[in-house]
Structure formats: C-alpha cells, structure tokens
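Visitor: Residues per chain, in single letters:
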Amino acid sequence: MNETITRVATDIGGTFTDLVSFEFDPNTGRSRVRTAKVETTPPDYEIGMIDVIRKAGVDLAQIDFLAHGTTVVINVLTERKGVKVGLITTEGFRDTLEIARGNRPDFFNLHYRKPPPFVPRYLRRELPGRMDYHGREMRPLDISPLKRILEEFVDDGVEAVAVCFLHSYANPAHEVAAEAEIRRLCPDLPVVSSHSIVREWREYERSNTTVLSAYVQPVAENYLQRLNDKLTASGFRGSPYVMQSNCGVDSLSATARTPITMVESGPASGIWGAAELGGLIEEPNIIALDIGGTTAKCSLIENGDVRITTDYWIERDRKSAGYPVMVPVVDLVEIGNGGGSIAWVDDYGKLHVGPQSAGALPGPAAYGRGGTDATTTDANLLLGRINSEYFFGGEMEADMEAVNRAVEAVGRKLDLAPMEAARGIVRIANNNMVNALKLVSLNRGFDPRDFTLVAFGGGGGMHAVELAQELGVTKVVVPADAAVFSAWGMTMSDFRRDYIVTHLTDFEPHTADSIEAGFRELEEAAREQFASEGVPRSNLAFKRFGKFRYQNQEHTTEIELGDQRITASRVPAVREGFESAYEREYTYRLDAPVELVGLHLTATAQVGKLSIERRPPSGRDASAAMQATRSVDFATDGIHDTAIYRGSLLEVGMQIGGPAIIEESGSTTVVNPNCSAEVDGFGNIVMSIGI
Amino acid sequence: MTYKTNDPITHEIIQNSLQAAADEMFAAMRKTAMSSIIYEVLDMGTGIMDPSGELASSGAGIPAFIGVLDKSTRVIIEKFEQPGDIEPGDVFATNDPYYGGVTHLNDIVVLMPVFVGEELIAWCGNIAHHSDVGGMAPGSMTGEATVIFQEGLRLPAVKIISRGEPIAPVMEIIKVNSRMPEVLEGDLWAAIASVRIGNRRLVALAEKYGTATFLAAIESFMEYGEKVSLRELSKLPQGEFELSEEQDNGAIYNVKIAISEDRFTVDLRDNPEQMKGPLNTSRDGVMVAAQMLFKSLTSPYSPANGGSFRPIELLTSEGTVFHAQEPTALGYYYELELRVYDLMWRCLAAHMPERLAAGHFASVCGTFIGGIHPDTGRQYTIIEPQLGGWGASLSGDGNTAMFCGFHGETYNCPAEVNEARNGLYVDQMALNTQPGGEGKHHGGRGIILDYRVRSKEGFVTVAYTRSKFPAWGLYGGRDGSPNYIEFIPKRGERKELAEVSGLPTTTDDVIRVFTGIGGGLGDPRERDEQLVRNDVKNGLITAERAREVFGVEC
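Chains as they are written, first to last, in this note's numbering: chain A, 1 to 691; chain B, 1 to 554.
Source of the hints: derived by calculation from the structure; they are not laboratory data. The reader is advised that the hints may include incorrect statements.
Distance ranges between label pairs, derived from CB positions [claimed, not checked]:
1) PRO128/A to ASN538/B: 20 to 26 Å
2) THR265/B to HIS555/A: 42 to 48 Å
3) ARG525/B to PRO362/A: 17 to 23 Å
4) ARG80/A to ALA212/B: 47 to 53 Å
5) ALA592/A to ALA204/B: 29 to 35 Å
6) PRO116/A to ALA212/B: 48 to 54 Å
7) ASP563/A to ARG378/B: 41 to 47 Å
8) ASP563/A to GLU457/B: 53 to 59 Å
9) ALA204/B to ALA61/A: 54 to 60 Å
10) ARG520/A to ASN538/B: 56 to 62 Å
11) LYS456/B to HIS555/A: 45 to 51 Å
12) GLU87/B to ASP563/A: 24 to 30 Å
Residues from chain B that face chain A, not an exhaustive set, calculated with beta carbons under 10 Å [what the hints assert, rightly or not]:
13) ILE38
14) PRO63
15) VAL116
16) LEU120
17) LYS159
18) ASN177
19) ARG179
20) SER317
List time: in silico DSS-like cross-link candidates among lysine-lysine, alpha-carbon distance up to 30 Å [unchecked claim]:
21) LYS490/B to LYS456/B
22) LYS413/A to LYS81/A
23) LYS235/B to LYS413/A
24) LYS276/B to LYS495/B
25) LYS490/B to LYS114/A
26) LYS319/A to LYS235/B
27) LYS147/A to LYS537/B
28) LYS227/B to LYS208/B
29) LYS495/B to LYS413/A
30) LYS55/A to LYS319/A
31) LYS537/B to LYS84/A
32) LYS256/B to LYS227/B
33) LYS319/A to LYS227/B
Don't be surprised by glycine CBs; every beta carbon is placed ideally from N, CA and C.
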C-alpha cells in the first residue's frame with residue numbers, strides 16, 4: 001500500500017501556470033519536491049492546469065490534497081467581463097452604490113472621472129422595511145414588489161441578483177427573507193446577500209462588495225465547475241481546495257457561492273509562504289516582499305501571524321477612488337514597481353520608474369519584441385547584475401543592443417552616461433520599494449531591524465540586499481524555488497475562514513459576557529459550516545481577535561485574544577494590550593474609555609499538513625557551483641569582479657562571500673560586497689547583510 | 001554606507017521620501033483622531049516646510065489645506081525670533097487667522113521644528129478641524145458671530161510643548177475652553193503624534209544623506225515646482241479677464257485676472273466691505289483659493305510646493321470681505337474661499353474651455369446637527385459637508401455626488417455609522433433629480449439626504465451658498481439647481497432655508513438636505529438621444545422633460 005502523502009498546488013498566473021508538489025513518506029520521513037511551469041492557457045485555464053500536472057509527472061490519482069489558485073476573479077473584474085447584475089436594497093438607498101463616498105483623491109484635477117457603479121440606476125431597486133443599528137426591526141420587510149422587480153430584471157437581461165439592506169450586519173433576517181423569495185420565484189437566477197459575505201457596517205462598501213460578488217459569481221462558478229470536471233475526468237479522486245485572499249484555502253463549493261473571496265489569492269499565497277517559511281527556519285518576524293513583473297507587494301508578519309483586514313479596494317490609487325471589496329484580505333502594500341516597470345524622464349528632467357509597465361508585450365527592451373522603453377530589468381542587465389548570456393535561464397536571448405539604446409535614451413535626457421542612468425534607475429526603483437516597505441513596518445511602529453526579509457518572485461533576490469541595507473535589516477532569505485514560491489505557499493495553507501463582524505460595545509468588565517457570547521456564536525457558526533464540509537469539530541482551531549479603539553475614534557487596532565474565554569477579569573489585561581499596541585503605532589495613550597467595535601474569529605483546520613525535513617550539509621565547497629567571474633556594477637556599492645554561481649548546483653551548507661551573483665532559471669540573487677550567503681537545510685539562500 | 005553625494009538621483013530620492021513622510025503624518029492623524037470631521041471628512045492637512053517656512057511637500061487630504069501651513073510657519077518664525085526661542089522638541093500651535101492661522105478658529109495648526117543637532121532643517125506641520133473650540137455656539141461656528149471673540153479660544157501662535165515637555169497650563173486652557181474637552185484633547189494629541197512622526201522621518205533622512213544634501217534637495221524641489229508652473233502658465237491664453245457676480249445676499253463680488261508669461265495676478269481690491277457676520281476671510285485664505293485654481297490650471301499632477309505657487313500675485317484691500325481686519329468674525333471663511341475660487345473659475349472658464357468645466361454646486365454645505373444620543377446619553381455634534389453635483393465639461397457629463405472643490409480625499413459618513421454614532425435616523429440618501437443642469441453635456445446630480453432627529457432637544461445650523469444663484473452653465477447649457485435644506489418639523493410648518501443658526505429641533509423633525517446639480521454645457525437639444533433615453537430609463541429625467549427640454553420622444 002502506498003502511504004506517501006502527496007500535496008500539490010497549482011497557481012494560474014497571467015503568464016505562467018506553476019506547480020509545486022510535495023511527496024512525503026511517513027515511514028521513512030523522506031520527502032520529495034517537484035516544481036513545474038507551463039504557459040497559461042486562456043480562456044481554458046484548466047487545460048494548462050492539467051498540462052502542468054502532467055509535465056511534473058504527478059499522478060492525479062495519488063494526490064491527497066490539491067490546492068488551486070487563480071486570477072480568474074480579479075481578471076473578470078478588471079476586464080469588466082462579469083454578468084449583468086440587479087441590486088435589491090433598502091427603500092431610500094438605491095443610489096448608495098452611485099453616490100459612493102464622494103471622495104476625489106486626484107484633487108487638483110478638475111477632469112477627474114468618478115468610477116461608475118457596476119449596476120445602473122434602473123437595475124437598483126428598493127424594498128420597504130428597515131432595521132436599526134441594534135438589529136431591531138423598525139418596519140417589517142415587504143417582499144410583495146419582488147415578483148414584478150424580478151420580471152423586469154429578467155426582461156432586462158439580469159443574470160445575477162445582489163441583495164444588501166441597511167444594518168443587515170446586525171440582523172440579516174430581511175436579507176434572508178428576500179433571498180429565499182428570490183430563489184422561490186427565480187430558482188435559476190444566482191443570488192447573493194451581503195450578510196453571507198460581510199458582517200460589518202458601512203453600507204456603500206457592503207453593497208459594492210455584494211454587487212461585485214454577484215458580478216463575478218456565474219463566471220467563477222462555471223470556471224470552478226469545469227476545473228473540477230476536468231480533474232475528475234483525469235483521475236483525481238478528491239475535491240480541490242481553492243486559495244483565498246485570507247491566506248487559507250476553502251472548499252470548492254463554498255468558493256463557488258461567494259467567489260469574490262478569491263480576489264487577492266495570488267499575493268496571499270506568496271505571503272502565506274513567507275509566514276510558513278518563517279516557521280520552518282524559526283524566524284517568526286518576517287517582512288515578505290514579492291517582486292514580480294509589474295508590481296512589488298509587501299506585508300509584515302509578526303509572531304508568525306499574517307494580518308488580515310477587510311479594507312481592500314480594487315483600482316484605487318492616487319488618481320482614482322476605486323471600488324471597495326470588504327472581504328478578508330491579507331494586509332499588503334502593492335506598488336507599480338517590478339522588473340518590467342518603465343523608467344521615464346518627465347519634461348523637467350526628473351527620473352521616474354513605474355508605475356507603467358512594459359508588461360509581457362512588448363516587455364523590457366531586452367526581450368527584443370519591439371520595446372523601446374528602458375525598464376528596471378534592462379538597467380539590471382546593463383549593470384551586469386542580470387546575466388545577458390543566461391537570460392531566463394538561457395531560454396531567451398537578451399537583446400543588448402535594444403537595452404543599450406533604451407537606457408542611453410534615458411541618460412541623454414538626464415545628461416548622464418548610460419551606466420550612470422542605469423544606476424539611477426535601479427536606485428529610484430529601490431527607493432520606491434523602500435517607501436513601500438516602510439509603509440508596512442516603520443509606519444506601523446515596527447522597527448525593520450527586528451525582522452527578516454523574505455524576498456521572492458522573479459525580482460526578489462535581485463533587489464533584496466540593497467533594500468535590506470536601506471532599512472537596516474541584517475538577514476535576508478531568498479527561498480528555494482523563489483520563482484514558484486506562491487505555489488509553494490499554497491501547498492502549506494490550511495482550510496481557513498475569517499469571521500469578522502461589527503459588534504459595538506464599551507469594553508468594560510460588565511460587557512465581557514456579551515462579548516464572550518458574540519465569539520461563541522461565531523464559533524458555533526464556524527463549527528456548523530465546517531461540519532457541513534466534512535471537517536470534524538475536533539479538528540477546528542480558533543483564534544480570536546478584537547478590534548478596539550478609544551471612545552469617539554473611528555479606526556480600530558486589532559488585538560489578538562488567543563482562544564480563551566473573555567471574562568471580566570481579563571478586561572484590564574486586554575485593555576493594556578490594546579493601549580501598548582496603540583502607543584507603539586501612534587506614540588501616545590489617552591485617558592479615555594475603550595470601545596470594542598468588531599470581533600474577528602479565524603477558524604482553521606489542517607488538511608494533512610507535511611513536515612519538511614532539514615537536510616544536512618553536503619560538506620562540499622561552493623566553488624563546485626561557481627561558473628565564471630564577471631564585472632558587475634552594484635549601483636551604490638561600486639564595480640567589482642564578481643563570482644557567478646549556478647543556483648541549481650548549490651548544495652546545503654555551501655557558503656558564498658560577496659560580491660557574488662547566484663543565477664537560477666527564473667530569478668537572480670545579488671550578494672553585495674560585505675554580505676555573505678549560505679544555503680540552509682531547506683535549500684534557501686540565507687544572507688547576512690553588512691552595512 | 002553613506003550617500004552624501006549631491007546628485008540628481010539622490011535629490012529625487014529625498015524628495016520622494018518627503019512625500020512619503022507627509023503621507024505618513026496624514027495617515028497617523030487620520031487613524032487616531034476622535035472627530036468624524038477629521039477621520040472621515042478628512043478636514044485636515046499635513047505638510048513639510050523648509051527652514052524659512054516655504055512649503056516643501058504636502059500630504060494627501062484636501063486642496064484647501066495645502067498652502068496653509070507655510071503661512072503659519074512664517075508667523076511662528078517671525079514671532080519667535082530670539083536665539084533659543086525655537087528648540088529641538090518644541091511644538092507650536094496657532095488657530096487665529098490674525099496670527100497665521102489662515103482659516104478659522106476651529107482649525108488648529110500644530111508645527112514642529114526639525115533639528116539635526118543644533119541646526120534647524122525643516123518644519124513639520126498639521127492642520128485639522130476641531131469640533132468645538134469654545135465660543136458662543138456649540139461647534140464654535142455660528143452665523144450670529146460678529147467678532148472673532150465669539151468664535152472660540154484664540155491661540156495667537158504659541159508654544160505648547162517645550163523641549164518635548166507639554167506646557168501643562170497651556171494645554172489645560174485649551175482643553176477647558178471646549179464643550180467637548182476629551183475629544184479636543186484626543187485630536188490635539190493625534191496632531192502632535194503626527195508631527196512627531198514626521199520629525200523622526202526627516203531627521204533620519206537628513207542624517208543619512210547629510211544636512212547639506214537634504215537642504216539642497218528641498219531647494220531643487222521647489223525650483224522644479226516653479227519651473228513646472230512657469231512652463232504651463234506660458235501655455236494659458238494671456239490677457240486680462242474680469243467678472244462681477246451677484247451673490248445670494250445681494251453683494252456683488254468682482255475679480256480681475258491678468259495672465260502674462262510669468263505672472264498670474266488676481267486682483268480682488270474692488271470688493272465689498274467686510275460683513276458683520278462670519279462670512280469673511282483672511283487674505284491668506286484667499287491666497288489659498290488662488291493657489292488651488294492656479295495649480296489645477298497649470299499642473300494638477302505634479303507635486304504642489306512653495307515653488308509651484310511663486311508666479312501668483314494677489315491684490316486685496318484690507319477691510320474687505322476678502323481681507324478681513326481684526327477682530328472681524330470669519331467662522332464661515334470656507335464659503336468665502338469657495339466663492340472666490342468659483343469666481344476666478346467662472347471668470348476664466350469661457351476662455352479656456354478645455355481646462356475648465358461649467359460651475360459646480362460650489363458650497364461646502366456645512367451642516368451642523370447636535371443633540372443628545374438617546375441610547376448613550378452622550379452629547380453628539382455632527383459637522384458634515386455635503387456631496388453635490390459637478391459641472392459638465394467638453395469631455396462629458398459632470399460628476400455626480402462629489403465633495404466641492406474645497407475638499408478632496410474626503411469621505412461622507414455612512415448612514416449606518418451615522419445612526420449608531422449620533423443616534424438619529426438617515427431616512428434616505430438619494431440623487432437629486434430636480435430640474436437643472438441640462439445641456440449637451442449634463443451637470444452631475446447633487447443629493448437629497450434626510451436626517452430624522454431622535455433626540456428630544458437639539459439644534460441645526462447650516463450656512464449654504466449658491467442657494468439663490470445655482471451652478472452656472474456654459475455655452476448654452478442650463479444652470480444647475482440650488483443648495484438648501486427643507487426643515488420638516490413633526491409639528492409646525494415646513495420651511496426652506498440656506499442659512500440658519502441654532503434652530504431648535506425635537507424628536508422626529510426631519511432635516512432634508514438638497515444639494516445642487518452642476519451646470520450644463522451646450523444646448524440641451526444637441527444631447528445624444530441615447531443618453532437622453534438612458535436618463536429617462538434611469539429615472540433621472542421624466543419623459544415629459546426629455547421632450548420639452550431635449551426634444552427627444554421617449
């Protein structure tokens with residue numbers, strides 16, 4: 001009998017579909033990791049998924065746990081490829097979706113265009129009936145108009161219905177009733193109510209989230225169904241889990257009901273990977289940095305915990321208000337700064353990098369596909385940091401003539417020699433990323449020197465050391481297989497759901513019982529939900545968090561409460577926990593009452609997680625992996641003759657002194673002078689940073 | 001590793017970091033403030049000034065607060081001129097427009113000098129609207145005030161923290177003067193935390209690159225700002241432009257704008273004497289309005305700093321509404337700032353249509369509602385600006401339901417939060433579909449918002465402008481609709497109001513806010529038929545008006 005446990009994750013990205021597979025034999029303690037990469041196959045993404053499984057040589061019938069990550073939801077949103085949605089809401093509030101919050105981030109621009117609502121006014125309809133903020137019914141719901149409304153919706157080609165009523169976070173009864181009636185009247189029309197996605201206040205954010213969920217639901221459900229059918233037909237015996245934005249996976253059926261929770265699953269899996277890696281190498285405090293082709297994303301992990309918030313917006317930047325999606329999403333900062341970010345000089349001689357990207361087409365000048373703009377990748381090539389002879393692991397020839405032309409053009413506008421311009425591009429790109437890293441660390445009162453930087457994605461290892469030096473970070477880890485790290489993170493994820501509800505109360509000993517009751521209610525709901533997915537009650541682990549603030553404030557600070565009961569005697573200690581966290585972030589405390597605004601419960605169930613073995617040093621010297629020496633320009637660290645190592649030849653325990661460069665097929669790691677690198681027992685490159 | 005090089009890339013990195021620091025100061029204030037007018041409305045701003053007080057970088061927020069902090073800083077520098085007057089760790093405050101406060105007494109400016117060793121290298125500043133700073137009326141703003149003494153406690157540019165230690169008596173005086181002392185204290189500390197965070201970042205930056213490089217980077221940043229402005233200014237049509245416009249209160253305001261290759265001169269000398277009430281502004285306030293419009297006309301996307309505004313010349317006469325003389329009241333300064341902003345906009349719109357749209361509802365529509373929260377027994381005061389319609393432009397219809405030009409990254413209060421926090425009901429928040437703003441391109445819609453009072457005893461104060469003369473249309477587009485409230489008492493008669501102070505309210509009285517539709521652009525009969533049909537389908541206009549005004553049968 002085959003006792004090997006096989007865990008597989010497939011991650012469908014815009015360009016590539018990645019796979020990581022772990023096989024673990026509990027008898028021998030041996031494990032084996034395989035990775036593979038194929039091109040993504042739109043619009044039939046499931047074909048690429050089967051391809052990558054075959055390419056890796058994994059037997060579908062032997063897979064015990066299959067996690068799947070996809071960008072389908074965010075693609076449907078950004079490409080506006082969803083379905084026509086009708087909205088049912090509270091009398092007096094059908095325009096909430098269009099009024100939005102009235103903000104104008106681009107405030108000097110008198111030609112600002114407000115983002116239009118996803119549902120036009122004639123498809124936004126009202127029902128009488130009202131709850132108050134305590135969840136008490138002020139006026140009963142009248143569902144009698146629904147019949148006519150739905151007939152009109154159907155005539156107008158509506159393909160999904162969203163329901164969002166005022167104060168449904170406090171009492172969803174009216175939404176439940178309306179949803180049931182809609183299902184009764186139109187059994188084939190997909191319908192989603194706000195309370196099944198969000199239990200927090202703010203009616204615009206909740207309405208928009210519900211509408212966007214309905215907008216993507218039929219498309220995503222169809223996708224998941226095809227995927228499941230294809231897997232089953234190809235011999236897979238289980239049901240795949242789907243990666244979520246909260247760093248966990250969820251069942252296929254639950255995801256199909258409210259697929260909006262997948263919206264930021266790609267970045268979430270990488271950040272989860274960093275957290276899991278931190279656990280493996282005993283570094284609980286991590287700054288995770290994922291540098292891809294068009295953006296860089298970073299997130300802070302304190303004590304092994306990723307931070308989950310519901311303050312997530314799509315298409316929001318300095319020029320647009322964007323659209324809120326109030327679902328649990330890993331707290332991250334994303335900036336338009338990746339390998340393909342374009343360097344440009346404005347009319348007044350200032351150099352900028354990003355946020356525009358050369359994308360995959362035409363791509364950086366080096367791709368030789370007609371790109372004339374210099375990108376960060378081109379600057380790194382010119383400086384010798386990326387090997388023009390081993391571009392994409394030798395799979396692509398770098399068009400160095402095009403690189404020279406592009407960087408020269410930037411230099412001319414700045415009155416700088418090409419090499420100077422290339423250094424400038426790298427320094428500006430680094431500075432953009434440093435500012436983003438400060439947002440997740442210093443801005444929240446964390447000292448980056450107390451953290452380990454885990455850098456992944458195609459460009460992580462390229463910039464990590466310089467960023468660490470800027471921030472005073474002394475340890476940098478570039479994970480093994482950094483280029484498929486998101487898929488790796490997915491294989492390590494748990495079955496997880498975040499329950500976040502608005503629960504406004506004074507935080508005093510006499511309110512402890514009602515808070516405890518609130519958490520219990522959530523736990524019971526979680527147990528029921530998981531039980532219906534076949535997860536036994538005993539397999540569930542809970543963690544509680546409270547959202548606190550001083551009375552009269554609006555924004556809250558989230559504090560972990562462990563899994564113990566909330567009792568009157570615990571109140572002072574929890575209050576102290578809030579105040580010290582508040583003081584760390586904002587520099588002062590107040591002599592004011594504290595309020596609890598929301599409850600946050602995470603429920604996780606491990607689904608056959610693996611332990612990964614640490615391998616012993618091979619005892620061989622790194623010179624075995626050395627390929628050549630070449631001159632490399634380290635931007636601010638001078639020009640040096642630099643040893644070049646082939647990543648695939650590195651073995652556990654090998655030590656490399658800077659300056660050095662480690663080349664792998666999908667990524668390059670730059671080891672600056674005064675720094676050193678060592679391959680740890682898991683194959684990660686661990687660097688000590690000299691200042 | 002040191003980077004004490006003075007190259008353009010280093011300058012750029014320092015300049016980006018200044019912006020990041022100003023943004024961080026802004027975020028810290030927003031997250032810790034106790035008043036919704038700060039954390040939602042974001043009636044606040046942050047900035048970094050050079051040692052002489054010139055604006056080096058400003059945080060996000062609202063345009064009307066960019067260009068305030070430099071003026072305050074200069075007053076502090078003038079007043080504290082002796083050696084030892086300004087020391088590391090000090091924090092100063094002013095709220096008085098006659099002492100560098102620019103706006104009105106509700107807005108407290110907090111300024112912190114930034115030192116590296118003994119050398120002053122910059123200032124960090126923060127301005128925010130405080131809910132109550134004393135004075136004759138709750139919320140400190142009232143139409144009844146005639147002198148500034150009735151509008152609250154005056155802080156005439158004073159030190160509040162000395163070498164890191166709060167000056168306790170001053171803090172006590174500030175706190176005791178407010179009707180909401182805990183909130184004022186919380187908000188003031190949020191402001192102090194914000195400038196201290198900025199201070200830390202700037203010190204680190206200057207230590208890393210060297211003070212000389214840091215200062216040179218700021219200087220080159222301002223030169224950059226000036227270069228951008230001058231270049232864009234030279235693209236504007238040159239000449240002299242003039243406009244006189246009647247106001248809701250019968251007064252005639254006048255502006256003359258002269259645009260030359262390197263100067264943008266705004267002449268407001270020919271204007272009425274200052275008013276008896278609070279509808280006046282300081283000269284500094286008018287300058288901010290001129291800076292806002294100038295920035296929008298020249299280079300809305302580049303950073304705003306002191307250099308950006310150097311080409312502006314402003315002429316005013318002391319003792320007029322646009323240059324109030326102490327001790328005139330100026331609590332409603334913001335409506336005046338908006339009036340002059342809109343006046344300049346209208347004066348130029350016909351001459352640069354690709355840059356300027358038709359008029360917008362152009363009033364803060366400041367709505368103040370107070371009472372006792374029936375569930376908590378606590379006093380509440382709502383201070384809310386309202387959303388309204390923006391004007392149509394050559395490129396299309398005007399935006400619907402946005403804050404006025406004075407505000408920017410400002411958020412309205414969700415009904416659910418309002419009901420919980422303030423103990424009243426919001427019965428509707430809908431688009432205003434009254435007639436108005438018709439044109440080839442339609443003005444954006446304002447809103448209709450019902451507050452139903454639960455508290456037994458309360459009050460409402462409003463001071464809206466553009467209630468008689470709505471947003472102006474362009475090129476044959478129709479004017480928009482007016483801003484006003486309808487007061488619908490449970491007992492007694494309904495009345496329409498645009499200006500009222502301390503009107504008593506009781507349970508189940510409804511305050512219905514109507515904000516204006518923006519001005520239309522072009523002849524309504526030239527409007528695309530499909531757009532008219534969509535408007536009818538969406539219930540924005542009736543089939544009858546589609547026929548009458550747009551000539552479209554639906």
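Visitor: Run every hint past the structure and note whether it holds.
Guide: Hint-by-hint comparison with the structure:
1. Between PRO128/A and ASN538/B the CB atoms are about 21 Å apart, so this pair conforms to the stated range of 20 to 26 Å.
2. A beta carbon spacing of about 44 Å between THR265/B and HIS555/A agrees with the range 42 to 48 Å that was offered as a hint.
3. The hinted range of 17 to 23 Å is not satisfied by ARG525/B and PRO362/A, whose Cβ atoms lie roughly 47 Å apart.
4. The given range of 47 to 53 Å is respected by ARG80/A and ALA212/B, whose C-beta atoms sit roughly 52 Å from each other.
5. For ALA592/A and ALA204/B, the hinted distance range of 29 to 35 Å is satisfied, since their beta carbons lie about 31 Å from each other.
6. The hinted range of 48 to 54 Å is satisfied by PRO116/A and ALA212/B, whose Cβ atoms lie roughly 50 Å apart.
7. The hinted range of 41 to 47 Å is not satisfied by ASP563/A and ARG378/B, whose Cβ atoms lie roughly 34 Å apart.
8. Taking 53 to 59 Å as the suggested C-beta distance range, the pair ASP563/A and GLU457/B does not conform, at roughly 47 Å.
9. Between ALA204/B and ALA61/A the CB atoms are about 58 Å apart, so this pair conforms to the stated range of 54 to 60 Å.
10. For ARG520/A and ASN538/B, the Cβ-Cβ distance of about 46 Å falls outside the hinted range of 56 to 62 Å, so the restraint is violated.
11. A C-beta distance of roughly 31 Å is found between LYS456/B and HIS555/A, which places it outside the suggested range of 45 to 51 Å.
12. The hinted range of 24 to 30 Å is not satisfied by GLU87/B and ASP563/A, whose Cβ atoms lie roughly 50 Å apart.
13. The interface hint given for ILE38/B holds, since its Cβ lies 9 Å from the closest Cβ of chain A, which is under the 10 Å cut-off.
14. Annotation: PRO63/B was flagged as interfacial toward chain A, and the flag holds, the nearest CB pair being 5 Å apart, inside 10 Å.
15. With its C-beta approaching chain A no nearer than about 18 Å, VAL116/B sits outside the 10 Å limit, and its interface hint is violated.
16. Interface hint at LEU120/B: violated, since its Cβ lies 22 Å from the closest Cβ of chain A, which is beyond the 10 Å cut-off.
17. At about 19 Å, the closest approach between the beta carbon of LYS159/B and any beta carbon in chain A exceeds 10 Å, and the interface hint on this residue is violated.
18. Hint status for ASN177/B: violated, given a least beta-carbon distance of 18 Å to chain A, over 10 Å.
19. For ARG179/B, the suggested interface contact is broken, since its CB lies about 14 Å from the closest CB of chain A, more than 10 Å.
20. Of the supplied interface hints, the one on SER317/B is violated, with its beta-carbon coming no nearer than about 29 Å to a beta-carbon of chain A, more than 10 Å.
21. Note on LYS490/B and LYS456/B: the hinted pairing holds, with a Cα-Cα distance of about 12 Å set against a maximum of 30 Å.
22. Simply put, LYS413/A and LYS81/A have alpha-carbon atoms about 41 Å apart, too far for the 30 Å limit, and the pair is violated.
23. A distance of roughly 22 Å separates the Cα atoms of LYS235/B and LYS413/A; the hinted pair therefore holds under the 30 Å criterion.
24. A threshold of 30 Å between alpha carbons decides the hint, and for LYS276/B with LYS495/B the separation of about 25 Å falls inside it, so the pair holds.
25. Only pairs whose Cα atoms come within 30 Å are accepted, and LYS490/B paired with LYS114/A is rejected, the gap being roughly 37 Å.
26. A threshold of 30 Å between alpha carbons decides the hint, and for LYS319/A with LYS235/B the separation of about 24 Å falls inside it, so the pair holds.
27. Between LYS147/A and LYS537/B, the direct Cα distance comes to roughly 20 Å. Compliance with the 30 Å bound is thereby established for this hinted pair.
28. Taken as a hint, the LYS227/B and LYS208/B pair is honoured in the structure, with Cα atoms around 28 Å apart against an allowance of 30 Å.
29. Our distance criterion of 30 Å between C-alpha atoms is broken by LYS495/B and LYS413/A, whose separation comes to about 64 Å.
30. For the hint pairing LYS55/A with LYS319/A, the CA-to-CA distance comes to about 43 Å; that exceeds 30 Å, so the pair is violated.
31. Note on LYS537/B and LYS84/A: the hinted pairing holds, with a Cα-Cα distance of about 16 Å set against a maximum of 30 Å.
32. The straight-line distance between the Cα atoms of LYS256/B and LYS227/B is roughly 25 Å, inside the 30 Å bound, and the hint therefore holds.
33. Taking the CA atoms of LYS319/A and LYS227/B, the gap is about 23 Å. The hint holds against a cut of 30 Å.
Taken one by one, the earlier hints fail for this structure at numbers 3, 7, 8, 10, 11, 12, 15, 16, 17, 18, 19, 20, 22, 25, 29 and 30, listed in ascending order.
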